[in-house]
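Student: Sequence:
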Amino acid sequence: MTAGSDLDSGEFDHRDIEPKWQRTWEDADVFRIDDDATDPSYVLAMFPYTSGNLHMGHVRNYTITDAYARFERLRGEDVLHPMGWDSFGLPAENAANERDTNPREWTLDCIESMREQMQAMGFGYDWEREVTTCEPEYYQWNQWLFNRFREEGLVDRRAEEINWCPSCETVLADEQVEGDDEVCWRCESPVEARELDQWVLTITDYAEELLDALDDLEGWPANVREMQRNWIGRQEGDSVEFEVPGYGPVEIFTTRLDTIHGATFFSLSPGHELAQELAEENDDIAEYIDRAERDDEELDETSGVFTGEYAVNPATGEEIPVYVADYVLEDVGTGALYAVPAHDERDHAFAEAHDIPIQQVIEPAPEAEADPEDIDVQENAYTEDGVLVHSGEFDGLASAEARERFVEEFDGEHRIEFRLRDWLISRQRYWGTPIPAVDCPECGYVSVPDEDLPVELPEFIHTTGNPLDEAEEWKSVECPDCGGPATRETDTMDTFVDSSWYFLRYVSPALDDAPFDTEQASDWMPVDEYVGGIEHAVMHLLYARFFTKVLDDVDLLDGVREPFENLTNQGMVLLEGDKMSKSKGNVVSPQRIVEDYGADTARFFMMSAAQPEKDFDWTEEGVQSAHQFLQNVHSLVAEYAAGAIETTQETDDVADYVDREIAATVATATEEFEDFRFNHALQAVRDLVSLLRQYREFTTPDADTFERGLVTTAKLIAPVAPHVAEEVWDRLDCDGLVTESEWPAVDTLEGYDLERRLVENTREDIRDIIDVADIADPERVEIAVAPDWKHRVVDLARGADGDVVGTVMQDEQLRQHGEAAADFAKDLAGAGHIDDHLSPERERETLGRATWLIEREFDSEVVVFDAEDAPEDLLAHAEPGRPAINIEE
RNA sequence: GCGAGGGUAGCCAAGCCUGGAAACGGCGGCGGACUCAAGAUCCGCUCCCGUAGGGGUCCAAGGGUUCAAAUCCCUUCCCUCGCACCA
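Start counting the first sequence at 219; every next residue gets the next number (my numbering).
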């Protein structure tokens, strides 16, 4: 359905109003933030890769940050809400090759088109701070920072066994290899192992801090923190050396040094140096290693081969057989271990398969639940800590103590190991930041001096390999140190380098003598709200944290250790329960929704559908419902503005009721917006609009109250449906732009919840009675508030410690009510818990304001008595919080 | 296996941190108002029983703490995600 531009019906046409207000905002520069702003609210969405198209995931992501940024701005905050382009990367090269263009032009076209789509969505960015990573003005700072990292000793060039993607023709970081089958994250080709000289950033120097600081990132989702913990993979243990006669010492790493006396064999991973050495002399070993290293065969878990050699256990002096076994991983610990089948499950399985003795050296400690008699290590490994046995002079030591002793005793070293590897940033591709180094035959790899930066990319050429390798003229340079002939480095940087500090460039995007202004960045950082996909849980977010810490350590930042204070991972937009994907062909195009319904409808629907981190189903009904609501708001305002709604200047109970609901809605919406529960906030606004319509239908509304309701509505929807909000604001003849107005003041009404509950309960009770008593046509509804003395009983009862009746009956005033007071007190004592309640006057006022709802619902007269005026028999049933009700037919 | 997050009425889903009303909302279903009619909109109902606001049974299952448990504690089962022959 498409909304017509029939103004008589009071409907808006999004095709008119959306571009109109977008232009107005732009002309008024409403999203600009001055450099001299102090500690603004920094709201950031992960910048997009420049594919050329916004998909629903983007739209959801950017709607969340835009709504929050607009909300913060309305509340009087200075807001930094920028946007930029993650615009280096392989797809642009592929596209260029397919389309006979070059990556730069292709990328700039994509940016152009995506910027237009964003503008059509009404996202309010400070475009003067736009950052484009593929421009020399940006990537020169990657190079400059590379030099700083290198000065700090955080850059290394080393021969690495690397992940090579044959299809992308480049190496990949460990983080970019996915799944058990080890495939490329971009093209899903199986990754190959190669040995190449590569540039790495030594992120492992920061492993400990990157891990520890996660504990304090309370604004981050638990799963992301956990994923990073897993990825860093800290392990505390000890290394000791075992002598293999004829071959020298072999270092092992273990977390269970206490079990060393129970070692009955020794295992090497197939890739271990000694295993390789032994393989040269022994065909069986060579063959086993060959099989283990081939990808096509999955070796049995207990597979392994005896080498014929023995290792000397430093604890016992015993010689134990050395095996090469596939279950020992090369990149865990040292790739070598002593095996204790009695206390490790894998060692146990291996020992059973190879008929190796099993020697128990740990018994359950006395305080442990297990009975030492029940432990049979021949059957199953006992893997808990305990007390040492069969360990010579050390028998009786606790595991933990033993570990400490043995490090000294056997000349070992206490070590902390990490799974995290250094970050390999070399890429053998064109479309990235050239690594600013020169390979000189005399001086080795020399950094390009800062004053010679940027090293700009040469012309792109179509080739199967790395275009930089063929740019002979570009490659050939003088060595910056000795002036002799030298060659440029042709590797470019992983694009995750670009995104590791882009949030700092937004602070001072035009600065030409530094990547960012240290003082300003230190004030504006950290990002207050960072929103993006869960796919960046490890890579981008870990690298950005690493960069931030390094920048702080080299004084480019002042006291900023973490980049992102609060992190939200938006959920997926599903279609009939399925992830939208091009390959499945179940994609809803944001462009189509914007054309058919308008940006506001799409934004409003998405934000009402679920909380940001939850998945939700895209439904046409939901879209229509959002559209309808916005049209309703608009037409209600249009009617009012056109004078079609008759109003008075007199307030009454109904007006008071509506007034309080307006205040309550503001309070709810504000709190929910703050907590990122936009759907709850919007529900409250829907309820308010519905109430205003009922008000209008029931009576002649008070002009001030009604208008306040409409103006408040305009403000409350402004973060999510800004174009409609402006349109409505304009029709209400308000000053300026709603986008630049002030959020309504939050007045918390003391006891509002009790009032609301009283009204709801009373209305429900009336319905119940009418239903159960089968009253067809109620003439008159009488409501009577409980007398003061009952309220007093409740007050006393709540304060009473146990003896409720006694406490109540000690009260002089209440004794006058004799039996009745005692009975009521007994009831209360039996109830166990006593709810809060309003004063009698407050109850009467509250019910008085709400009678119109009852009149309207049952089309009957409604009378609210206070205790003095109420008929005696009616009053008997009234309790605080629970008025008596009588219905006349 | 380890770790994290979950399991709420026909479906989706809030509440749980900070215990106190058969449990917000939405969808679907039922009834009603408006209408020539449909749509839209509005008002109710939607665990079971009930001719005056009552009673019963409820938040994966079982146990515990408490005057009081969806909410706190323990155990078990199931789901989702991350890591994993991790020494």
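Because the hints were derived from the structure by calculation, they are not lab data. Model, not experiment: these values are computed from the prediction. Do not take every clue at face value.
Stated by the list, open to error - Within a straight-line C-alpha distance of at most 25 angstroms, the following computed PhoX-like cross-link-like pairs (lysine-lysine) qualify:
#, residue 1, residue 2
1, Lys797, Lys832
2, Lys802, Lys832
3, Lys832, Lys800
Student: Provide an ascending list of the numbers of those earlier hints which the structure does not satisfy.
Tutor: none
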